[in-house]
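**Q** Below, each chain spelled out in residue letters.
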Amino acid sequence: MSTIQTSLPQAAAIGEPSAWVRLKTNRNVIALWFMLPAAAFLILFLAYPLGLGVWMSFTDEKIGRSGVFVGIENYEWLWDDSIFWLSVFNTLLYTIVASAIKFAIGLYLALLLNRHMPFKAMIRAIVLIPFIVPTVLSAIAFWWIYDAQFSIISWSLIKLGIITQNINFLGDTSWARASVIIANIWRGVPFVAITLLAGLQTVSPSLYEAATLDGATSWQRFRYITYPLLTPIIAVVMTFSVLFTFTDFQLIWALTRGGPVNATHLMATLSYQRGIISGRLGEGAAIATAMIPFLMAAIAISWFGMQRRKWQQGSDQ
Amino acid sequence: MTDTALQAKAPTTAGSDESEGMSYLESLPRRLVTLYLPLFIILVVLLFPFYWMGLTSIKPDEQLIDMEKYNPFWVVHPTFKHISKLLFETQYPRWLWNTMYVAVGATTLSIFASVLAAYAIVRLRFKGADTVGVLIFFAYLVPPSILFIPLASVIQAYGLFDSPLSLILVYPTLLIPFSTWLLMGYFKTIPFELEECALIDGANRWQILVKIVVPLAVPGLISAFIFSFTLCWNEFIYALTFLQSTPNKTVPVAIVNEFVDGDIYKWGSLMAGALVGSLPLVILYAFFVEHYVSAMTGAVKE
Numbered sequence: 001m002s003t004i005q006t007s008l009p010q011a012a013a014i015g016e017p018s019a020w021v022r023l024k025t026n027r028n029v030i031a032l033w034f035m036l037p038a039a040a041f042l043i044l045f046l047a048y049p050l051g052l053g054v055w056m057s058f059t060d061e062k063i064g065r066s067g068v069f070v071g072i073e074n075y076e077w078l079w080d081d082s083i084f085w086l087s088v089f090n091t092l093l094y095t096i097v098a099s100a101i102k103f104a105i106g107l108y109l110a111l112l113l114n115r116h117m118p119f120k121a122m123i124r125a126i127v128l129i130p131f132i133v134p135t136v137l138s139a140i141a142f143w144w145i146y147d148a149q150f151s152i153i154s155w156s157l158i159k160l161g162i163i164t165q166n167i168n169f170l171g172d173t174s175w176a177r178a179s180v181i182i183a184n185i186w187r188g189v190p191f192v193a194i195t196l197l198a199g200l201q202t203v204s205p206s207l208y209e210a211a212t213l214d215g216a217t218s219w220q221r222f223r224y225i226t227y228p229l230l231t232p233i234i235a236v237v238m239t240f241s242v243l244f245t246f247t248d249f250q251l252i253w254a255l256t257r258g259g260p261v262n263a264t265h266l267m268a269t270l271s272y273q274r275g276i277i278s279g280r281l282g283e284g285a286a287i288a289t290a291m292i293p294f295l296m297a298a299i300a301i302s303w304f305g306m307q308r309r310k311w312q313q314g315s316d317q
Numbered sequence: 001m002t003d004t005a006l007q008a009k010a011p012t013t014a015g016s017d018e019s020e021g022m023s024y025l026e027s028l029p030r031r032l033v034t035l036y037l038p039l040f041i042i043l044v045v046l047l048f049p050f051y052w053m054g055l056t057s058i059k060p061d062e063q064l065i066d067m068e069k070y071n072p073f074w075v076v077h078p079t080f081k082h083i084s085k086l087l088f089e090t091q092y093p094r095w096l097w098n099t100m101y102v103a104v105g106a107t108t109l110s111i112f113a114s115v116l117a118a119y120a121i122v123r124l125r126f127k128g129a130d131t132v133g134v135l136i137f138f139a140y141l142v143p144p145s146i147l148f149i150p151l152a153s154v155i156q157a158y159g160l161f162d163s164p165l166s167l168i169l170v171y172p173t174l175l176i177p178f179s180t181w182l183l184m185g186y187f188k189t190i191p192f193e194l195e196e197c198a199l200i201d202g203a204n205r206w207q208i209l210v211k212i213v214v215p216l217a218v219p220g221l222i223s224a225f226i227f228s229f230t231l232c233w234n235e236f237i238y239a240l241t242f243l244q245s246t247p248n249k250t251v252p253v254a255i256v257n258e259f260v261d262g263d264i265y266k267w268g269s270l271m272a273g274a275l276v277g278s279l280p281l282v283i284l285y286a287f288f289v290e291h292y293v294s295a296m297t298g299a300v301k302e
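Respectively, the protein sequence lines represent chains V and U. Counting in our numbering, the first sequence runs from 1 upward without gaps. Counting in our numbering, the second sequence runs from 1 upward without gaps.
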C-alpha cells in the first residue's frame, strides 16, 4: 500500500505530468468512476425511494393522484385503527415465535451436522434445499398441505385416530397463525443451521478434547466452549433472521393474504393491502415507515454484535 | 483481514470434515439415538413438501380427491397431464422466460457494479472508503417491504410500469450490497504485490482490475452470481407490485395470481407449476453447492 502511494510523486517528478494526467491517476477521482454504477443504482432505487416513502407517509397520495401534505394525519388515523394494531401484534408474535424456534432448531441441526458421519457433504447440501427454492413456490406446496379438505396432515392424524375431523388450518385464526409460523420456520431453519455450522467449524476440536480430559460433560462443553465462541456469529445470523421475518411478505401473501379476519396480517401485507390494492399510497407508506424503528433496533443489535466480535478477536478497531 | 483469513482456512484448521475427532468414543446405539434419528426426522420434515409437490404434480385428478380408495402417499397411474397442460395450454413458458430474463439481466448488471465498487473500496482506498463500505452494509439491511410503495411511484414516473425492465433496474438494489460485501472479502485476499508489479509495468487501474484481480476472484464471482440469481428468482413483492399484465409476469407472481380459480382440480397444475419453477434453481444449486454455501456464510461472516 505504502509503495503505491510513494511511487506516484516520484513518477510525477520525472515527467512533470499535466494536470489532466494527474487527475487521471488521482485515486479519489478513479474511485469516483469505479463507484459510479453501484452508487447510481443505490441512490436512484434505494436511498431516494426510502426518503420518498417517508415523505409520502405525510401526504394523502392515492394511485393516479398526487397528494398534498397532511402532516401526521395518516399516523393519527393508524393510531386509532384496531386492524393496524392487530397487524403490529401479529408481526411481533410471528417474528418472536418464529425466530426463537428457528434459532433453537437451527443451532441443534448445526450441532448435529458438525459431527462426524458418512455422506456429510451430501446431507449438508440437502438441508439447504428449502432455502434455494423460491419462497412462494414452497408456500404453494404448504397451501396444499394445509388444504381444508384434502390436507395430508389431517388425513394422517385421522388415520392415526388422534383427531376425528379435518383441521381447518388456514380458516381458523389460531391455526392460521400457527400454520404460517411453521411454514416460516421450515423455510428459515436451513439458513440458520448452515451459517451457524460455518461458525462451528472454526472452533478447534482440540478445545473439546482438552475439556473432555478435564472431565467436562457434553453440556459443559457446549455451554463453556461452543456457546461463547459462537456468540458473535449468532448475533449476526439472528439479526438477519429477525429482519427478514419481521419484513416477511411473500409467505403470508401466498398462504392467507392476511386472512382469516386479519389474523395473519403482518405490517408488510397490510401496507400492500392499503397502499396498492386500495390505492391509498399515503396510508400504505405510513405503515411501511412505522416498521423503520423496529428495523433500526435490529440493525443496532447487529452492529453491537459485530463490535463485540472484533473485541473478542483482539482487534483494536 | 483476520475475518477473511479465518474464513479461507476454516475447513482446514478445524479439520472436522474429514477427521474422526472424538466420535470413536461413542457407541453405535448412542449415535443412532443422538445423531441419526433426529437428523433423519429433520431431513424428512425439510424434504416432505417437495415430495408432496412432485407427487401431486404427477397424480391423476381422481386420486387427488379420493383419499379413501387410494393411499395419498403414493401414486398408482402417474400422469404427465398437469405438466403438459402447464407447458402447452398456459403462458408458463413465457413466465419462465421472463423470470430468466430478469434474473440474468439484473444479476449481470449488479455483478458489474459490485466488482467496480468492491475494488474501489478495498484497493483504491479513496477518502471515505470505510464509510462507503458501512453505508453499503446498511443498504443490505433495507428490506423491499418498506420500499415497494415509493418505488412503484418512481417506476410509474419513469414510464417503466408493467415492464420487466423495471425489475432489472430495481433488483440490483437487493443484489449490489450483498455482492459488494462478498467480493470485498475475496479482493482482500489477493496480494498487493501483484498489483504493484502491474503498476510498475505501466498498467492502469482498469487493466489491473480486468487482467489480475477479476481472474483471481473467479470463485467469488461465481458465488456472487449464483446467490444473486437465486435472489432474483425468489423476489416477489416488487414483481407483484410492478407487473400487471399476464404475459409480463414472473413465475412466482403468475403462480399465485393466475392459477387460483377456485377449481377443485387446480392442485395438479399448481404443484406442477411450483415444481417446474423450482427445478432450474435446484439444478443450478446441485452444480455449485460449495460456491453457494460460501456465498451465504461469507456474507454473514464478513
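Any given hint could turn out to be false.
Stated by the list, open to error - Below, computed lysine-lysine pairings styled on DSBU-like, alpha-carbon distance capped at 35 Å:
| id | chain 1 | residue 1 | chain 2 | residue 2 |
| --- | --- | --- | --- | --- |
| 1 | U | Lys266 | U | Lys85 |
| 2 | U | Lys188 | V | Lys159 |
| 3 | U | Lys127 | U | Lys81 |
| 4 | U | Lys127 | V | Lys159 |
| 5 | V | Lys159 | U | Lys69 |
| 6 | U | Lys81 | U | Lys69 |
Said to hold, decoys possible - If you only want the chain U side, here are some residues facing chain V, beta carbon under 7 Å, derived:
| id | residue |
| --- | --- |
| 7 | Pro93 |
| 8 | Leu96 |
| 9 | Trp267 |
To be verified - The following residues of chain U were derived to be distant from chain V, with all beta-carbon distances above 10 Å:
| id | residue |
| --- | --- |
| 10 | Thr79 |
| 11 | Leu147 |
| 12 | Leu221 |
These are calculated hints, taken from the structure and not from any lab test. Glycine is no exception: its CB is placed at the ideal position from the N, C-alpha and C atoms.
**Q** Taking the hints in turn, state whether each one holds.
**A** Right, here's what the structure says about each hint:
The straight-line distance between the Cα atoms of lysine 266/U and lysine 85/U is roughly 11 Å, inside the 35 Å bound, and the hint therefore holds. Of the pairs offered as hints, the one joining lysine 188/U and lysine 159/V is violated, with about 59 Å between alpha carbons and a cut-off of 35 Å exceeded. Our distance criterion of 35 Å between C-alpha atoms is broken by lysine 127/U and lysine 81/U, whose separation comes to about 62 Å. Only pairs whose Cα atoms come within 35 Å are accepted, and lysine 127/U paired with lysine 159/V is rejected, the gap being roughly 69 Å.
As the CA atoms of lysine 159/V and lysine 69/U are separated by approximately 13 Å, the hinted pair is consistent with the 35 Å bound. Distance restraint check for lysine 81/U and lysine 69/U: the Cα-Cα separation of roughly 21 Å lies within the 35 Å cut-off, and the hinted pair is therefore satisfied. Hint on proline 93/U is violated. Least Cβ distance to chain V is approximately 17 Å, over the 7 Å limit. The closest approach between the C-beta of leucine 96/U and any C-beta of chain V is roughly 12 Å, which is over the 7 Å cut-off, so the hint fails.
The closest approach between the C-beta of tryptophan 267/U and any C-beta of chain V is roughly 6 Å, which is under the 7 Å cut-off, so the hint is satisfied. Interface exclusion of threonine 79/U from chain V stands, the closest Cβ pair being 17 Å apart, more than 10 Å. Listed as outside the interface, leucine 147/U is inconsistent with that label: its C-beta sits roughly 5 Å from the nearest C-beta of chain V, within the 10 Å cut-off. Leucine 221/U, annotated as away from the interface, keeps every beta carbon of chain V farther than 10 Å; the closest lies near 15 Å.
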